[in-house]
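These protein sequence lines are chains A and B, in that order.
Oh and the first sequence: position 2 is 2 in the UniProt record's numbering, straight run, nothing missing.
Oh and the second sequence: position 76 is 76 in the UniProt record's numbering, straight run, nothing missing.
Hints listed in this document are in silico derivations from the structure and should not be mistaken for laboratory results.
One or more of the hints may lead you astray.
The following label-pair restraints were derived from C-beta to C-beta distances [stated by the list, open to error]:
#1 A/P30 x B/P41: 20 to 30 Å
#2 B/V68 x A/H67: 20 to 30 Å
#3 B/V68 x A/Q69: 35 to 45 Å
#4 B/P77 x A/P12: 46 to 56 Å
#5 A/Y85 x B/S58: 37 to 47 Å
All C-beta atoms, glycine included, are put in the ideal place defined by N, C-alpha and C.
There are 2 protein chains.
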Amino acid sequence: MYGLIGKMLAAPGKREELLAIMLEGNDAMPGCISYVIARDPASEDGIWITEVWDSKHSHGASLQLPHVQATIAKAKPIIAGFGEYYATEPLGGIGL
Amino acid sequence: MYGLIGKMLAAPGKREELLAIMLEGNDAMPGCISYVIARDPASEDGIWITEVWDSKHSHGASLQLPHVQATIAKAKPIIAGFGEYYATEPLGGIGL
């Protein structure tokens with residue numbers, strides 16, 4: 001499996017709007033096992049995204065899906081940047 | 001929901017042993033929606049744990065469960081420390 005832990009930073013005052021776009025853009029993505037969108041309670045603009053994929057390839061391919069491209073296009077104007085970003089190798093646990 | 005993203009550091013040379021203990025210790029934990037155990041590919045000793053709970057209370061209560069206490073007791077001697085640690089507010093996504 002292939003995992004990602006990353007922080008996205010919303011433009012000032014735009015976090016809830018960005019969250020809404022991210023949350024509605026969750027149609028099927030082949031190979032996606034888990035994709036959790038979370039508010040960062042320690043900041044005004046942070047959004048944590050934690051992902052588990054069956055492979056790194058599936059993650060890369062997802063970025064080309066039309067509905068993912070549409071979500072990215074809609075979100076981009078209110079994304080101020082990115083913070084922490086870690087790749088992981090998920091092995092197991094609960095809910096996979 | 002209540003989320004955690006954290007890094008655990010294994011004692012030198014003990015990561016695989018620690019992972020095995022963590023992976024076998026995943027009996028039911030009330031309120032646990034997701035608990036992903038992952039190797040940190042950027043280090044020799046890092047383990048990422050990403051968790052989603054129905055509430056902060058459920059997470060706290062889980063630490064008192066006998067099988068969780070047993071896992072902690074078994075793991076403790078080969079845990080060198082902890083790294084990054086972030087609380088999150090999961091809102092939705094895939095696999096929850």
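Each hint, compared with the structure:
| no. | hint | result |
| --- | --- | --- |
| 1 | A/P30 x B/P41: 20 to 30 Å | holds, 23 Å |
| 2 | B/V68 x A/H67: 20 to 30 Å | violated, 39 Å |
| 3 | B/V68 x A/Q69: 35 to 45 Å | holds, 42 Å |
| 4 | B/P77 x A/P12: 46 to 56 Å | holds, 47 Å |
| 5 | A/Y85 x B/S58: 37 to 47 Å | violated, 28 Å |
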